[in-house]
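Asker: Spelled out from the first residue to the last, the chains are:
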Amino acid sequence: GNSVTQMEGPVTLSEEAFLTINCTYTATGYPSLFWYVQYPGEGLQLLLKATKADDKGSNKGFEATYRKETTSFHLEKGSVQVSDSAVYFCALPNRDDKIIFGKGTRLHILP
Amino acid sequence: ETGVTQSPTHLIKTRGQQVTLRCSSQSGHNTVSWYQQALGQGPQFIFQYYREEENGRGNFPPRFSGLQFPNYSSELNVNALELDDSALYLCASSRRPGNTEAFFGQGTRLTVV
Chain Y
1 GNSVTQMEGP VTLSEEAFLT INCTYTATGY PSLFWYVQYP GEGLQLLLKA TKADDKGSNK
61 GFEATYRKET TSFHLEKGSV QVSDSAVYFC ALPNRDDKII FGKGTRLHIL P
Chain R
1 ETGVTQSPTH LIKTRGQQVT LRCSSQSGHN TVSWYQQALG QGPQFIFQYY REEENGRGNF
61 PPRFSGLQFP NYSSELNVNA LELDDSALYL CASSRRPGNT EAFFGQGTRL TVV
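If you're matching them up, the sequences are chains Y and R in order.
The C-terminal position of the first sequence is numbered 111 in my numbering, with every residue numbered one higher than the one before it.
The C-terminal position of the second sequence is numbered 113 in my numbering, with every residue numbered one higher than the one before it.
For reference, chain Y alone in the conformation it holds in the complex (with noise of 0.2 Å):
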């Protein structure tokens, strides 16, 4: 089945500083690819999404970029707030049709 493989954390960084979670997948044809985020104490909220390959999902300043050739989703933002601190998940439906997620990247941004 499908499966969704995101890098280890926690992550530290200081405001301002760049962020870049990455995110890999392993799918049958070219399935619509997530970022799920979970601020603490709270369920998941939909970030971005992006439904076919070369398409880019954005949202909050986040951003992320559909590329088959490498089977990445990595997620990017330029300028991190501490509002941003949360744990954020790479998703995507498996064959059917259920959402499979990540393990989670716990993010902390120091002010």
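Incorrect hints may have been included.
To be verified - Per label pair, the in silico range of CB-to-CB distance:
1. Gly98(R) to Ala53(Y): 46 to 52 Å
2. Glu54(R) to Val82(Y): 40 to 46 Å
3. Leu11(R) to Val82(Y): 27 to 33 Å
4. Arg96(R) to Glu16(Y): 37 to 43 Å
5. Phe18(Y) to Gly40(R): 21 to 27 Å
6. Leu11(R) to Ser79(Y): 37 to 43 Å
7. Ser27(R) to Ser14(Y): 37 to 43 Å
8. Ser79(Y) to Arg96(R): 23 to 29 Å
9. Gly3(R) to Asp54(Y): 30 to 36 Å
10. Ala53(Y) to Glu101(R): 16 to 22 Å
11. Gly40(R) to Asp96(Y): 23 to 29 Å
12. His108(Y) to Gly3(R): 26 to 32 Å
FYI, nobody ran anything at the bench for these hints, they're computed from the structure.
For every residue, glycine included, the Cβ atom is placed at its ideal position computed from N, Cα and C.
Starting from the known structure of chain Y, arrange chain R on it as the hints suggest.
Answerer: Below, chain R alone, put in the same frame as chain Y:
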């Protein structure tokens, strides 16, 4: 448009007991999925309900069961609780089974002692 709501937010149960968790789906959504998120892990798919029928199940034992009601709200029942069942249980709703853009509730934190 109301979001996905789950109850209770926290729960403590004793090993061997049974528990019922509840979820109200977002307005206009007829599909509900349940996930288990162990500490430090990503959510794992338990099962999905569509129009009151189970529509797919993950690798969880039969003591995990569910229901969906005519208003599309849902329950997750777990019998014979084990310590390893301690986790955050997340409910997600979507407009239809094939629509993978799911909206999540805040979850129920279950602790089994």
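Asker: Now look at each hint and say whether the structure bears it out.
Answerer: Right, here's what the structure says about each hint:
1. Between glycine 98(R) and alanine 53(Y) the CB atoms are about 20 Å apart, so this pair departs from the stated range of 46 to 52 Å.
2. Take glutamate 54(R) and valine 82(Y): their Cβ atoms lie about 42 Å apart, and the range 40 to 46 Å holds.
3. The hinted range of 27 to 33 Å is satisfied by leucine 11(R) and valine 82(Y), whose Cβ atoms lie roughly 31 Å apart.
4. At about 41 Å, the CB distance of arginine 96(R) to glutamate 16(Y) agrees with the hint of 37 to 43 Å.
5. For phenylalanine 18(Y) paired with glycine 40(R), a C-beta distance near 26 Å keeps the hint of 21 to 27 Å intact.
6. Between leucine 11(R) and serine 79(Y) the beta carbons are some 40 Å apart, a value that agrees with the proposed interval 37 to 43 Å.
7. With their beta carbons about 41 Å apart, serine 27(R) and serine 14(Y) fall inside the hinted range of 37 to 43 Å.
8. A hinted range of 23 to 29 Å for the beta carbons of serine 79(Y) and arginine 96(R) is inconsistent with their spacing of about 38 Å.
9. Evaluation of the 30 to 36 Å hint for glycine 3(R) and aspartate 54(Y) yields a pass: the beta carbon distance comes to about 32 Å.
10. For alanine 53(Y) and glutamate 101(R), the hinted distance range of 16 to 22 Å is satisfied, since their beta carbons lie about 19 Å from each other.
11. Glycine 40(R) and aspartate 96(Y) have their C-beta atoms about 26 Å apart, which keeps the hinted 23 to 29 Å range intact.
12. Our hint of 26 to 32 Å for histidine 108(Y) and glycine 3(R) holds, since their Cβ atoms are close to 27 Å apart.
Checked against the numbered hints given earlier, the structure breaks hints 1, 8 and satisfies all the rest.
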